[in-house]
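Which chain is which? The protein sequence lines are A and B, in order.
Per the working numbering, the first sequence runs over residues 1 to 124.
Per the working numbering, the second sequence runs over residues 1 to 656.
Accuracy of the hints is not assured; some may be wrong.
Chain B residues, not near chain A, derived (Cβ > 12 Å throughout) [what the hints assert, rightly or not]:
#, residue
1, Asn-377
2, Asn-429
3, Leu-446
4, Arg-517
Once the Cα atoms are required to be at most 27 Å apart in a straight line, the calculated BS3-like pairs of lysine-lysine come out as [stated by the list, open to error]:
#, chain 1, residue 1, chain 2, residue 2
5, A, Lys-97, B, Lys-226
6, A, Lys-117, B, Lys-465
7, B, Lys-448, B, Lys-384
8, B, Lys-448, B, Lys-56
9, B, Lys-265, B, Lys-218
10, A, Lys-22, B, Lys-78
11, B, Lys-563, B, Lys-496
12, B, Lys-563, A, Lys-22
13, A, Lys-10, B, Lys-483
14, B, Lys-483, A, Lys-73
15, A, Lys-46, A, Lys-2
No lab work stands behind these hints, which were simulated from the structure alone.
Since the model is a prediction, treat every value here as computed from it, not as a measurement.
Each residue gets a CB set at the ideal place from its N, CA and C atoms; glycine is no exception.
Residues per chain are reported as follows:
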Amino acid sequence: MKILVVDDEKDIQSLFEQRFRKEIRNGEIEFVFAFSGEEALTCYGKCQHEAVLILSDINMPGMSGLELLRRIKQIHHEPPPVVMMITAYGDAENYNKAMELGADDFIVKPVDFIALKEKIKSII
Amino acid sequence: MISRSLIIIFLLTSLIGFAQRQKTIDSITNQLAIAKSDTSRISIMLSLAAQYTYAKPDSALLYVEKAINLIQDKKADKWKPTALRLQGSINREIGNLPLAIELTLHSLRIGQKYNNNREIRRSYNGLGNIYLDLMDYQKSISFFQLSRQVPDITKTEFDEMGLLMNIGNVYTDSNQLDSASYYLNKAFLLFNRSGSGISGIFMYRNLGKLQVKLGNQKQALNYYLKSIEACGQEDYRNLAATNNKIAVLFLTDRQADSCIYYAEKALKYGIKGPFRVMILESSKLLAEAYKSKDDFRKALEYQELMVDTKEKLYGAGNIEAIQAMVYQEQKRNDEIEASKLAYQNRLKQYGYLAGVGLLIIIALFLYRNNKQKNKANTLLQEQKEKAEDALSKLKSTQSQLIQSEKMASLGELTAGIAHEIQNPLNFVNNFSEVSNELIDEMREELAKGTEVSVQLANDIAGDIKKNLEKINHHGKRADAIVKGMLQHSRNSSGVKEPTDINALADEYLRLAYHGLRAKDKDFNATLKTDFDETIGKIDIIPQDIGRVILNLITNAFYAVQEKQKSNNVVYEPVVSVSSKRSDEGVEITVRDNGNGIPQKNLDKIFQPFFTTKPTGQGTGLGLSLSYDIVTKGHGGELSVDSTEGEGTTFKMQIPI
């Protein structure tokens, strides 16, 4: 189970690796990190068969998370990957836009990792 | 040598050679017979008088008298000066010097009354001649010079020649030979150009006289002979005059017979007039010549003629008459002067009164002006107070505006700031929570007490330490943002302090970007930074320069955002910020690939309140304040370069 995490904040990697340390240690989850929309797209191109879940930030310089979502949804892959948007701006506009583009979930920061873990586990 | 001084010069204008003269006289007499109008009769009579003067002075006098009678009958006053002057000139020739003076002065007065400059000029000339006869050289010259100065448009080069010649002659007689040469040479130049055969009589005689004085007797004789040649046969007066001069030559040379020959010839001509001045000179020469020959009987005879003539010319009665006349003239002149003076005094009086009147008017005017000025001043004072009041209000409004501009830009940042603080705070929370969990795990491992578990606990401790560093890092990050925000809203300290301008630019770039993103979800842009790390810290007022950078960056974002909204084709918005250190200082460049600024706006963008943003979205103060901060506050430059459709580049140069 590979999860692609997209955020422009580099420390997100360290945070995720610690938050999911047990799952990683047990080999339940494998994380792949990308620090921009563009990088995420390249990365998804390389490992789309393995990635089942994409967690993406929305506010990023360059390609935004929403744009990334649009592009990924354009690539018809079966089964389609689950895409969860994570953002600091939990306003209706942002939410509607994400949903319109086919996001599977919309998580507002600060992230509740316990809830996130459960969501991920339910998907897996 | 008195005789030499008694040479008479004539009015040149009335001179005509002998042959011509007779012809002229005949022709004029014929004209007189057929003349119908009185004016032409007067004119003809006067012409005849002029023609007869040198040959038949009594006939000349007759014609003048006839003319004067006619003038008085017909009240043809304009002819009077000419008639009187001619009458004077004829009387001078026959030796009535007092009458000559009186008539000429009379002519002068009437000429002056009628502004007849031609006659004034001629009268002065006549007076010069009479005073020469009286041997008053100074007066003679001054009359000739007066004559030259009369502004007469009818005056010819020939007239000027006559006057120069007359002046030269007086100088010769008064032994001022340099002056004589000067004037005679001048006259001779004109003579060569416009002199007639008749004026040769005088020209050559005068030149001869000068040569005598210069000691060139032979040269003198040549001139005299030329003069005689020019006289013809009936100009008795001049034949007498020149022959007298020749006689003088021989008297000096002690050739008494030759002297007597010429003097007797002169006397014969002189008596025809009678031309008394000539007679006087001839008789004097003859008396002396005969005396030198010891012929005392003849000498006595001529001596008596000389005395008799002298008495007639300069006798006590004559001199008294002249003196009386001169006195009268003087008196008349004095009266004229007095009346002139009185007139001038009256004028002065009027002038004075007018001046007083004017002063009163000016005083009234000034008084009125002053009153108005006072009024105006009061008004002005009131207006000044109003203006000052308005100015102070304006100043406070301005400072409020500046503050609101700051707050407006802060408002634009709020969302960005929230995001920027939210992120580090999330990290702080997450890492602290995770660390808490890690400590629990570490304790569990330590409690196991095995070698492996201790090793594991040690690893966990390392992770915890890293987390704490991250917590610290993100805490500081949030702290810096809050500080920056406070700094931005605070009034500028106005104090320069060492500042990392790269960090300042980077911070505001991020704030501005997130601020815009927070407001417009669709907005996106590529941020490019190229900071020159060698800049280090430079002395600037950080709040102020920060505001400038923020303003430039938000403008750049606004520009690319506008282009993105209007553009359907693929467009990648790029905003780049770079810094560079040079010899002159530090250059911060903010570039966007937006729509660019139209040329017509480019000149105005630094003006206060100029904005292209919709109402309510921009204060129009951002760039104006930025410009002031950079130029006035830091002695730098803020310039803009824009190409429509391609983008805009702002450059801020700060000297260090």
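Hints and how they fare:
Residue-level check passed: Asn-377 of chain B sits 65 Å from the nearest beta carbon of chain A, beyond 12 Å. Some Cβ of chain A comes within 12 Å of the Cβ of Asn-429 of chain B; the nearest lies about 6 Å off, and the non-interface call is violated. Annotated as non-interface, Leu-446 of chain B keeps its C-beta farther than 12 Å from every C-beta of chain A; the closest such distance is 18 Å. Not every CB of chain A is more than 12 Å from the CB of Arg-517 of chain B (nearest about 5 Å), against its label as outside the interface.
Our distance criterion of 27 Å between C-alpha atoms is broken by Lys-97 of chain A and Lys-226 of chain B, whose separation comes to about 136 Å. Proximity of Lys-117 of chain A to Lys-465 of chain B is assessed by CA-CA distance (about 25 Å); at most 27 Å being required, the pair is judged to hold. Distance check on the hinted pair: Lys-448 of chain B and Lys-384 of chain B sit about 91 Å apart at the alpha-carbon level, beyond 27 Å; violated. As the CA atoms of Lys-448 of chain B and Lys-56 of chain B are separated by approximately 178 Å, the hinted pair breaks the 27 Å bound.
Distance hint between Lys-265 of chain B and Lys-218 of chain B is fulfilled; the C-alpha atoms sit about 20 Å from each other, no more than 27 Å. Simply put, Lys-22 of chain A and Lys-78 of chain B have alpha-carbon atoms about 148 Å apart, too far for the 27 Å limit, and the pair is violated. With a C-alpha separation of about 37 Å, the suggested pairing of Lys-563 of chain B with Lys-496 of chain B is violated against the 27 Å cut-off. With a C-alpha separation of about 49 Å, the suggested pairing of Lys-563 of chain B with Lys-22 of chain A is violated against the 27 Å cut-off.
Between Lys-10 of chain A and Lys-483 of chain B the CA atoms are separated by roughly 23 Å; this keeps the pair inside 27 Å, and the hint holds. For the hint pairing Lys-483 of chain B with Lys-73 of chain A, the CA-to-CA distance comes to about 42 Å; that exceeds 27 Å, so the pair is violated. Taking the CA atoms of Lys-46 of chain A and Lys-2 of chain A, the gap is about 12 Å. The hint holds against a cut of 27 Å.
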